[in-house]
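Chemist: What follows is each chain in one-letter form.
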Amino acid sequence: MEPFQTVEGGAAAMPAANIDTDVIMPKQFLKGIDRKGLARGVFFDLRFDEAGGPRETFVLNQPPWTEARFLVVGPNFGCGSSREHAVWGLAQLGIRALIGTSFAGIFFDNCARNGLLAITLPADEIETLLALAADPATCRFTIDLAEQVIEGAGRQLRFEIDASRKHALLNGLDPVGVTLARADEIRAFEAAHLAANPWLAPAAAP
Amino acid sequence: MTPPRTLYDKLVDAHTVARLDEDGSTVLLYVDRSVLNEYTSPQAFTGLREAGRQVWAPERLLGVVDHVNATTPTRTAEMPDPGGAGQVAYFARNCRDFGIELFDILHPMQGIEHVVAPELGLILPGMVVAAGDSHTTTYGAFGALGFGIGTSDIEHMLATATVVYRRLAPMQVVVDGRLPLGVTAKDVVMALIETIGADGATGCAIEFTGQTIADLSVEGRMTLCNMAVECGARGALIAPDQTVLDYLKPLARAPKGDAWTAAADAWTKLKADPEAVYARRVVLQAEAIEPMVTWGTSPDQAASVRARTPNPETEASPARRRDVARALDYMGLQPGALLEEIRIDRAFIGSCTNARIEDLREAAAVLQGRQVAEGVRAMVVPGSSAVRRQAEAEGLDRIFLNAGFEWRQSGCSMCLAMNDDVLAPGERCASSTNRNFEGRQGAGGRTHLMSPAMVAAAAVFGRITDVRRLGA
Numbered sequence: 005m006e007p008f009q010t011v012e013g014g015a016a017a018m019p020a021a022n023i024d025t026d027v028i029m030p031k032q033f034l035k036g037i038d039r040k041g042l043a044r045g046v047f048f049d050l051r052f053d054e055a056g057g058p059r060e061t062f063v064l065n066q067p068p069w070t071e072a073r074f075l076v077v078g079p080n081f082g083c084g085s086s087r088e089h090a091v092w093g094l095a096q097l098g099i100r101a102l103i104g105t106s107f108a109g110i111f112f113d114n115c116a117r118n119g120l121l122a123i124t125l126p127a128d129e130i131e132t133l134l135a136l137a138a139d140p141a142t143c144r145f146t147i148d149l150a151e152q153v154i155e156g157a158g159r160q161l162r163f164e165i166d167a168s169r170k171h172a173l174l175n176g177l178d179p180v181g182v183t184l185a186r187a188d189e190i191r192a193f194e195a196a197h198l199a200a201n202p203w204l205a206p207a208a209a210p
Numbered sequence: 019m020t021p022p023r024t025l026y027d028k029l030v031d032a033h034t035v036a037r038l039d040e041d042g043s044t045v046l047l048y049v050d051r052s053v054l055n056e057y058t059s060p061q062a063f064t065g066l067r068e069a070g071r072q073v074w075a076p077e078r079l080l081g082v083v084d085h086v087n088a089t090t091p092t093r094t095a096e097m098p099d100p101g102g103a104g105q106v107a108y109f110a111r112n113c114r115d116f117g118i119e120l121f122d123i124l125h126p127m128q129g130i131e132h133v134v135a136p137e138l139g140l141i142l143p144g145m146v147v148a149a150g151d152s153h154t155t156t157y158g159a160f161g162a163l164g165f166g167i168g169t170s171d172i173e174h175m176l177a178t179a180t181v182v183y184r185r186l187a188p189m190q191v192v193v194d195g196r197l198p199l200g201v202t203a204k205d206v207v208m209a210l211i212e213t214i215g216a217d218g219a220t221g222c223a224i225e226f227t228g229q230t231i232a233d234l235s236v237e238g239r240m241t242l243c244n245m246a247v248e249c250g251a252r253g254a255l256i257a258p259d260q261t262v263l264d265y266l267k268p269l270a271r272a273p274k275g276d277a278w279t280a281a282a283d284a285w286t287k288l289k290a291d292p293e294a295v296y297a298r299r300v301v302l303q304a305e306a307i308e309p310m311v312t313w314g315t316s317p318d319q320a321a322s323v324r325a326r327t328p329n330p331e332t333e334a335s336p337a338r339r340r341d342v343a344r345a346l347d348y349m350g351l352q353p354g355a356l357l358e359e360i361r362i363d364r365a366f367i368g369s370c371t372n373a374r375i376e377d378l379r380e381a382a383a384v385l386q387g388r389q390v391a392e393g394v395r396a397m398v399v400p401g402s403s404a405v406r407r408q409a410e411a412e413g414l415d416r417i418f419l420n421a422g423f424e425w426r427q428s429g430c431s432m433c434l435a436m437n438d439d440v441l442a443p444g445e446r447c448a449s450s451t452n453r454n455f456e457g458r459q460g461a462g463g464r465t466h467l468m469s470p471a472m473v474a475a476a477a478v479f480g481r482i483t484d485v486r487r488l489g490a
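Going down the list, the sequences are from chains E and G.
Going by our numbering, the first sequence opens with residue 5, and the numbers climb by one from there.
Going by our numbering, the second sequence opens with residue 19, and the numbers climb by one from there.
Quick caveat, the hints were computed from the structure, so don't treat them as lab data.
These figures come from a predicted structure and were not determined experimentally.
Ideal Cβ placement from N, Cα and C applies to all residues, glycine included.
No false leads were slipped in.
Residues from chain G shown here face chain E by an in silico Cβ test under 7 Å; the list is partial:
# : residue
1 : Gln61
2 : Ser152
3 : Thr178
4 : Pro273
5 : Glu456
Label-pair restraints from in silico Cβ distances:
# : chain 1 : residue 1 : chain 2 : residue 2 : range
6 : E       : Gly56     : G       : Arg324    : 39 to 45 Å
7 : E       : Pro140    : G       : Ala442    : 36 to 42 Å
8 : G       : Thr332    : E       : Leu198    : 57 to 63 Å
Go ahead and model the full structure; you've got the sequences and the hints to work with.
Modeler: Following this line, the structure appears as structure tokens:
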């Protein structure tokens with residue numbers, strides 16, 4: 005996964021509440037067996053009209069936000085379906101970080117597994133960032149993950165992040181490889197767990 | 019002395035392989051069982067193949083084709099589109115190569131994963147079940163910690179039998195009293211979501227307690243825990259009781275003999291300590307809950323069937339005014355409109371929320387001797403092939419067919435419309451499903467969530483109708 009260290013770029017404002025993963029990545033883009041080709045599907049019904057042309061009213065179709073690398077979003081962004089395609093698509097569209105008051109749990113984890121930084125801030129600070137992002141003159145931010153700081157228009161906002169999540173993002177770690185290094189620990193746990201709960205061993209198909 | 023713990027804390031503690039940070043807020047969590055489907059698993063298997071990794075415990079996994087298959091009344095292996103066909107073929111190859119049991123489309127036990135796994139007895143109290151579908155919270159009905167994960171975490175779980183897990187805040191939801199006639203578990207969970215909001219339990223695991231919960235059947239409990247994810251909960255638990263034990267005992271894959279005796283004894287003790295502290299507590303009174311209907315495009319945009327759509331102008335904040343106005347505009351509704359005057363084009367009974375045998379019985383009771391209104395297309399998609407057979411044995415299929423419903427094969431179907439069961443733009447559907455998002459049942463489609471009996475009533479009258487008017 006691509007490490008996240010310091011990233012600079014434009015931020016777009018998407019303040020609506022409860023933008024769900026069906027809206028982020030509609031069903032017709034879920035039929036693949038690989039992660040490719042999902043950039044076009046992102047916000048498809050918001051970005052494109054019935055004829056497939058860009059909707060001029062949608063923020064990511066308006067310069068300078070066509071080049072946005074960050075989204076400042078409304079509460080509960082990414083709610084609904086577990087589909088990781090939503091995160092793959094956002095990353096493929098060039099989005100590196102999302103900043104909002106709250107994210108749905110599965111979506112939040114999916115972001116972390118794909119180098120997409122999801123930052124949670126209090127509502128008043130999100131209001132500030134939404135206002136900065138909505139103005140072409142102030143919509144460029146720099147996010148420094150090591151220092152846990154967002155900088156924009158001369159302001160600095162500090163954010164919190166779990167230590168383990170920060171470490172994985174900064175270094176672009178392969179989490180499966182990291183966990184498999186603990187395979188002996190898992191085996192020892194498993195043996196004790198199954199001994200204490202013998203009914204967990206699966207019954208054979210009748 | 020250890021401090022009193024919630025049921026959630028006990029399950030997480032019992033499955034913690036290692037703490038991953040100093041305060042124990044992130045742990046390596048052991049996963050007892052999982053169910054895989056054809057649409058969220060392919061990239062996980064590809065990841066394993068590319069890294070040359072094995073599946074840790076394939077005998078504890080079940081693959082079920084459910085999301086992309088057709089539900090035409092006569093079962094066919096034909097997929098509605100090449101993409102879905104490719105997913106089903108790759109899924110079969112992955113299950114074969116990695117030694118995982120598969121219920122493919124022609125298997126007699128095929129169905130929606132969250133209907134199939136419980137009906138087999140694969141989900142047991144005290145388990146941790148992580149699976150690539152958000153409605154894995156369903157398993158809380160058995161006192162199992164079920165939660166949805168993305169595809170990267172499926173790959174992690176397949177390779178290591180664990181997930182990297184952030185501890186949630188335990189939240190207690192008490193539902194006390196007796197549900198009025200015509201009010202179901204679906205209405206309870208819709209009332210909860212309406213009360214606390216679509217992010218009201220974000221970062222939380224819910225424990226449901228109270229007399230109303232104790233009185234619910236296991237199927238009602240599954241409906242309740244299933245939709246807990248729609249208020250953001252990533253886990254919903256009900257402590258197992260005699261109702262759960264009675265439900266599990268005869269199931270094919272449940273423990274038998276001495277193993278059953280030992281398990282049942284352990285499960286009876288599986289509950290929160292009396293003094294356990296919750297981060298948050300919400301209390302609902304059953305008698306105050308009415309049949310619920312959504313009017314908007316988020317599951318919390320819901321109201322009693324007797325209510326009216328809201329007026330954006332009277333909402334407190336500019337953000338709420340904007341969200342309500344946008345939802346009404348998408349739904350093609352006026353502010354202040356009576357919900358019972360909204361006409362429908364389609365009626366859908368199906369999904370992992372409400373397509374079990376009890377749901378079909380409740381809908382059939384409404385439809386007995388009645389007809390679907392002119393101009394309404396109505397369909398039933400049973401939650402599993404076993405549910406379908408059971409319903410046929412009880413003669414429910416005849417009731418649905420005589421009323422003018424289509425009697426279809428099992429699958430996720432028009433809950434998320436990944437197959438060819440789709441709303442046309444502008445079509446309005448009374449639906450027993452779980453999400454009324456924009457475009458969820460088809461681009462431009464308009465979804466009103468409600469209980470299966472309420473869907474049946476809407477189908478008969480051609481408009482949203484309080485099922486209590488029928489004396490149900």
